[in-house]
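Asks: Turn these sequences into a full structure, and let the hints steer you where they fit.
Protein chains: 2
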Amino acid sequence: MKKFIDTADSLLDQSLSGFAKAHADIVQLSSQPRYIKRLTPAFPGKVALISGGGSGHEPLHSGFVGKGMLDAACPGQIFTSPTPDQMMAAAEAVESGGGVLFIVKNYAGDVMNFEIASEMVTCENETVLVSDDVSLPKSHSTGRRGVAGTLIVEKMLGAAAEQGADLAACKILGDRICQNTASIGVALTCCTTPALGKPTFELGENEMEMGVGIHGERGHDTQPLASAGEIVEQLADAINKELNPKPGQKALLHVNGFGATPLIELHLIYDLAACYWEQRGIEITRSLVGNYTTSLDMAGCSLTLTLLDDELTGLWDAPVHTAALRWGC
Amino acid sequence: MKKFIDTADSLLDQSLSGFAKAHADIVQLSSQPRYIKRLTPAFPGKVALISGGGSGHEPLHSGFVGKGMLDAACPGQIFTSPTPDQMMAAAEAVESGGGVLFIVKNYAGDVMNFEIASEMVTCENETVLVSDDVSLPKSHSTGRRGVAGTLIVEKMLGAAAEQGADLAACKILGDRICQNTASIGVALTCCTTPALGKPTFELGENEMEMGVGIHGERGHDTQPLASAGEIVEQLADAINKELNPKPGQKALLHVNGFGATPLIELHLIYDLAACYWEQRGIEITRSLVGNYTTSLDMAGCSLTLTLLDDELTGLWDAPVHTAALRWGC
Numbered sequence: 067m068k069k070f071i072d073t074a075d076s077l078l079d080q081s082l083s084g085f086a087k088a089h090a091d092i093v094q095l096s097s098q099p100r101y102i103k104r105l106t107p108a109f110p111g112k113v114a115l116i117s118g119g120g121s122g123h124e125p126l127h128s129g130f131v132g133k134g135m136l137d138a139a140c141p142g143q144i145f146t147s148p149t150p151d152q153m154m155a156a157a158e159a160v161e162s163g164g165g166v167l168f169i170v171k172n173y174a175g176d177v178m179n180f181e182i183a184s185e186m187v188t189c190e191n192e193t194v195l196v197s198d199d200v201s202l203p204k205s206h207s208t209g210r211r212g213v214a215g216t217l218i219v220e221k222m223l224g225a226a227a228e229q230g231a232d233l234a235a236c237k238i239l240g241d242r243i244c245q246n247t248a249s250i251g252v253a254l255t256c257c258t259t260p261a262l263g264k265p266t267f268e269l270g271e272n273e274m275e276m277g278v279g280i281h282g283e284r285g286h287d288t289q290p291l292a293s294a295g296e297i298v299e300q301l302a303d304a305i306n307k308e309l310n311p312k313p314g315q316k317a318l319l320h321v322n323g324f325g326a327t328p329l330i331e332l333h334l335i336y337d338l339a340a341c342y343w344e345q346r347g348i349e350i351t352r353s354l355v356g357n358y359t360t361s362l363d364m365a366g367c368s369l370t371l372t373l374l375d376d377e378l379t380g381l382w383d384a385p386v387h388t389a390a391l392r393w394g395c
Numbered sequence: 067m068k069k070f071i072d073t074a075d076s077l078l079d080q081s082l083s084g085f086a087k088a089h090a091d092i093v094q095l096s097s098q099p100r101y102i103k104r105l106t107p108a109f110p111g112k113v114a115l116i117s118g119g120g121s122g123h124e125p126l127h128s129g130f131v132g133k134g135m136l137d138a139a140c141p142g143q144i145f146t147s148p149t150p151d152q153m154m155a156a157a158e159a160v161e162s163g164g165g166v167l168f169i170v171k172n173y174a175g176d177v178m179n180f181e182i183a184s185e186m187v188t189c190e191n192e193t194v195l196v197s198d199d200v201s202l203p204k205s206h207s208t209g210r211r212g213v214a215g216t217l218i219v220e221k222m223l224g225a226a227a228e229q230g231a232d233l234a235a236c237k238i239l240g241d242r243i244c245q246n247t248a249s250i251g252v253a254l255t256c257c258t259t260p261a262l263g264k265p266t267f268e269l270g271e272n273e274m275e276m277g278v279g280i281h282g283e284r285g286h287d288t289q290p291l292a293s294a295g296e297i298v299e300q301l302a303d304a305i306n307k308e309l310n311p312k313p314g315q316k317a318l319l320h321v322n323g324f325g326a327t328p329l330i331e332l333h334l335i336y337d338l339a340a341c342y343w344e345q346r347g348i349e350i351t352r353s354l355v356g357n358y359t360t361s362l363d364m365a366g367c368s369l370t371l372t373l374l375d376d377e378l379t380g381l382w383d384a385p386v387h388t389a390a391l392r393w394g395c
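Protein chains in written order, with our numbering: chain A, 67 to 395; chain B, 67 to 395.
Worth flagging that the hints you see were computed from the coordinates, not collected in a lab. Where hints are given, some of them may not hold.
One copy or two, either will do: identical chains are not told apart, so a pair holds if it fits within one copy or between any two.
Unchecked claim - Okay, derived cross-link-like pairs now, DSS-like style, lysine-lysine, Cα gap no bigger than 25 Å in a straight line:
(1) K87 x K316
(2) K237 x K316
(3) K87 x K237
(4) K312 x K87
(5) K264 x K68
Replies: Pasting the structure below:
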């Protein structure tokens, strides 16, 4: 295992400490229990947005804490759900009279722990469950996983809350963004968790894994390594089948790297994916390209498409001031 | 070789096309000859800043084109200098009466080609040569290489030019930033160029390469893989020996990933490096952490320290609106 670490046990706390120091103008770290909150308090009555999940997906979620996006994020251990005490402490720290909206990626551990927190916090709260990964059928026993579409949900809801939307409106909006968002990913290499010290599955030199999640789990299919054009066609077909956009539809296209895929390749993927939808009459009016929802040191990428209307476009464009996304502020 | 590509020959043009599409609100691409220029023209009389170099280091330099930073960037083929016709076309496109400042990383090919362009363009021009890599002695035959410190030079000069500094002032300022900036890097894996199809050098499972450049060249020393703490100590010692900062000195600390190192590790490195200097009385007042000056898919990182005064701090903080750095706009 080749990583910059001192010990597997200390990685998370050292990394969070560095993150908080490097972005001390935006966030504040609580160590016991662990959460990151925005430095500048929200206005009284604003709905507080709280997300979280296992670590290893940076900048998700801590990198999205700040004005116009999340009020707090709860990082669990690597690929491990945070615990209810983290969420409750975060809620207490950032709730300002408008209630709490939990944004949860659909994984059994996250769902269970956020449910417990939801029942135990004393303030009014709602939950938006993100399950944008179309590599699994809708009928899958635990439902579809939440992947890179989560940041789009967090960005748009963050803007709505900043503009004064109340808890009920945020919940309805969040569910609507989820319904208009679909993602799917492919891996060229697997990731190595510090605790295990070796890749969680093996891929041959001429193989790729289609439909992977973000926790080093296998996808639905191991395939021969294909050209970028063939890969994008397969990914985009799966998204298109789900969302079924009509010609003239506006959309946001997000090409996400899994942590070890360089920008030169992600921009090539973006070019091919944009062409795919433009050829079908879809207008790609907003874009995001980079390593945002990662899986430690996995090489690979995912495509996410969100169908836009004027409201969602406005929420995407609204000012945001976080470590990983910043514009208009 | 596991990459998202169609063919090695088409990679650069496809990637530039995707980059320009994804950031069509900031940049414009010229394909023949290849350069990226800012979409919104600068005010008349502004010094035009032009950089460039081999591709494979994204987001450097194209990702730094926009208001408050570069006016144009000239991308060569992978790890290959751009040619004078690119620089001359870029100069003609963005020169607006204040002359051109070329910002050049110290590599033989880049230096030669920019020198030819400098002689052939009809407008007044100056060159700032960046050679921040302290892994080589100052007496090295071709001088020290330009690495991750380049973006700091580009950011601060971009702010100065935007504030109306003239060509002579920009040249003096650029040289001063260079003198106050030092970098050094370490690799855990080597990178694979698409043309070669395999790593340009081999590293054992328990080895790291100290003092690497950003073109897949070997460093000064192959060492046993060490803990992050030991690695940071060695890197920071080399920078400290060069810049010799005194207690009370303010500084900008930049932790740069080489393309395949995830943020969770870079933030841990930042934590250790910030501690190193704080223990010596240096105040880390500005920071930047992420994959900014990359070497394709190399796993590794570099540290860069720039000694700050009020003027340089102000130039760093000034508004910037590019694909890869954006604040205050």
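Asks: For every hint, state whether the structure bears it out.
Replies: Hint check:
no.	hint	result
1	K87 x K316	between (39 Å within a copy, 15 Å between copies)
2	K237 x K316	within (23 Å within a copy, 46 Å between copies)
3	K87 x K237	neither (33 Å within a copy, 33 Å between copies)
4	K312 x K87	between (46 Å within a copy, 21 Å between copies)
5	K264 x K68	both (10 Å within a copy, 19 Å between copies)
Against the hints set out earlier in the document, a violation occurs for number 3 only.
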